[in-house]
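**Student:** Sequence:
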Amino acid sequence: MQKPSIPKGTRDFTPQEMVNRNYIFSTIKDVFRLYGFQQIETPAMENLSTLMGKYGEEGDKLLFKITNSGDFMNGLTDEELLERNSAKLINKISEKGLRYDLTVPFARFVVQNRDKISFPFKRYQIQPVWRADRPQRGRYREFYQCDVDVVGSDSLLNELELIQIVDEVFRRLKINVVIKINNRKMLSGIAEIIGESDNITDITVAIDKIDKIGLEKVTEEIASKGISQEAIAKLQPILQLSGTNAEKLTELKKVLADSEIGLKGVSELETIFGLCQTMQVETKIELDLTLARGLNYYTGAIFEVKAIDVEMGSITGGGRYDNLTGVFGMEGVSGVGISFGADRIYDVLNQLNLYPENTLENTQILFVSFGEKELMYCLPWLSALRSKGINAEIYPEPAKMKKQMSYADNKCIPFAAIVGETEMNAGKVMLKNMKTGEQKLATMEDILESLA
RNA sequence: GUGGUUAUAGCUCAGUCGGUUAGAGCGUCGGAUUGUGGUUCCGAAGGUCGCGGGUUCGAGCCCCGUUUUCCACCCCA
24 MQKPSIPKGT RDFTPQEMVN RNYIFSTIKD VFRLYGFQQI ETPAMENLST
74 LMGKYGEEGD KLLFKITNSG DFMNGLTDEE LLERNSAKLI NKISEKGLRY
124 DLTVPFARFV VQNRDKISFP FKRYQIQPVW RADRPQRGRY REFYQCDVDV
174 VGSDSLLNEL ELIQIVDEVF RRLKINVVIK INNRKMLSGI AEIIGESDNI
224 TDITVAIDKI DKIGLEKVTE EIASKGISQE AIAKLQPILQ LSGTNAEKLT
274 ELKKVLADSE IGLKGVSELE TIFGLCQTMQ VETKIELDLT LARGLNYYTG
324 AIFEVKAIDV EMGSITGGGR YDNLTGVFGM EGVSGVGISF GADRIYDVLN
374 QLNLYPENTL ENTQILFVSF GEKELMYCLP WLSALRSKGI NAEIYPEPAK
424 MKKQMSYADN KCIPFAAIVG ETEMNAGKVM LKNMKTGEQK LATMEDILES
474 LA
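Residue numbers (the working numbering): 24 to 475.
Keep in mind the hints are simulated off the structure, nothing from the lab.
Note that CB positions come from ideal geometry on N, CA and C, so glycine has one too.
Treat the hints with care, as some may be off.
Unchecked claim - Subject to a maximum C-alpha distance of 20 Å in a straight line, what follows is the list of computed DMTMM-like cross-link-like pairs (lysine to aspartate or glutamate):
{"no.": "1", "residue 1": "K111", "residue 2": "D94"}
{"no.": "2", "residue 1": "K52", "residue 2": "D370"}
{"no.": "3", "residue 1": "K115", "residue 2": "E69"}
{"no.": "4", "residue 1": "K451", "residue 2": "E395"}
{"no.": "5", "residue 1": "K257", "residue 2": "E274"}
{"no.": "6", "residue 1": "K145", "residue 2": "D345"}
Claimed, not checked - Cβ pair distances, simulated, as ranges:
{"no.": "7", "residue 1": "G76", "residue 2": "K240", "range": "23 to 31 Å"}
{"no.": "8", "residue 1": "E420", "residue 2": "D469", "range": "25 to 33 Å"}
{"no.": "9", "residue 1": "L57", "residue 2": "E309", "range": "21 to 29 Å"}
Please construct the entire structure, taking both the sequences and the accompanying hints into account.
**Tutor:** Here is the structure:
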């Protein structure tokens, strides 16, 4: 006999865990709909050509690839096999992969369904994604993302709405968070000012780590990427910016005075901060220049949300991407979106134990009986209760009473309806309150009253 | 992908210096109690010690490989 197991980085969810997860999903969904977003779904697998090259070199490695059906090695030459070049071979034996996020499949969806969509298109999507990452705390190989995106609108009002959604979702979930915000245009401007526009990716990836490894190590890392000492020297004051958001922006405006794109980034952020103030967004918003985010398709605002009371990677993230649909042949469609990491939110909620009392999803009443005749007697009662919308079940065989009562106990069922000869003769059931232990002969009306 | 770490009953974990028949708690099942659950008491079932190889008279324990767990990188939700 083999021991059953599931793949690395995947999880089963028990009924109790599903109740908790559904609480998260429905909270998020409710807020999405409140802002006029509509749901779509896309397939678990996409053509590999849709996914490859969208997440950088690292991302390509983390894609789960699906081998072709049938005898997929058949068309290969001996030379190709002997070469042992995995990257080259994979293209010959695999043409599908599991989706890595929801944003790229969404861009594909927009291009493919443009005739059915009117812009601006506001969609949400809650589905699992898969990454061949090495699992760790808060990091899984299969996890759910809850994405909201608007495409076909350049307005910064969209950024505001996304921030309001974050604000509302975490208020409802009772998680204290801070929203970190940055702008890719400002990062481009900085690279431009120090004369290293070509190396912007390396620079942003490195400065992203400043909190973790410190200024010195970051400087080292940037230098190792072949960036000049002169440029690094110019970078120093920018990395050490401090003060309020407004103070930081004022300082940045001076530094970026000669960079058109940099100033554009600053003014975008000013607008967003202004809008948030007007709309009285409660969540703390922090300009964080070190926030870079690896995904290289972002072009404007970049967001990240961190829980304050728990040690955990970011639980929500996103940004603006000006031309994601361009690679699929549809130019000039700008989008902005964020992704709630349901599994990390789930972990945070578990650690803080912030779940509401849930009783509604549970069975309300269990029928306990002693024989075939009693079972038959109960069936109409069950139907009647269910037609009133009451969750009811029956222990499906005449087991020992102790066993039936324990079953009710374990499932936290608040009422038991006990049925034997006496009850059948009276045309009633013995209704027992499992909490107080009280019981009485009851009619259907009595039951409905007790459960109300 | 790199480095470390872990694996013993369904679950959580003991297991001495390498020494005879591998233990506990919880859970499950049965009984005390044939119409009353949570508490209590008694009993039972349940193990190829992750897997494969090696060292040894002898391996749960030592060595090698492999898989898995968790952690730090990398990257990210």
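**Student:** Which earlier hints can't be squared with this structure?
**Tutor:** none
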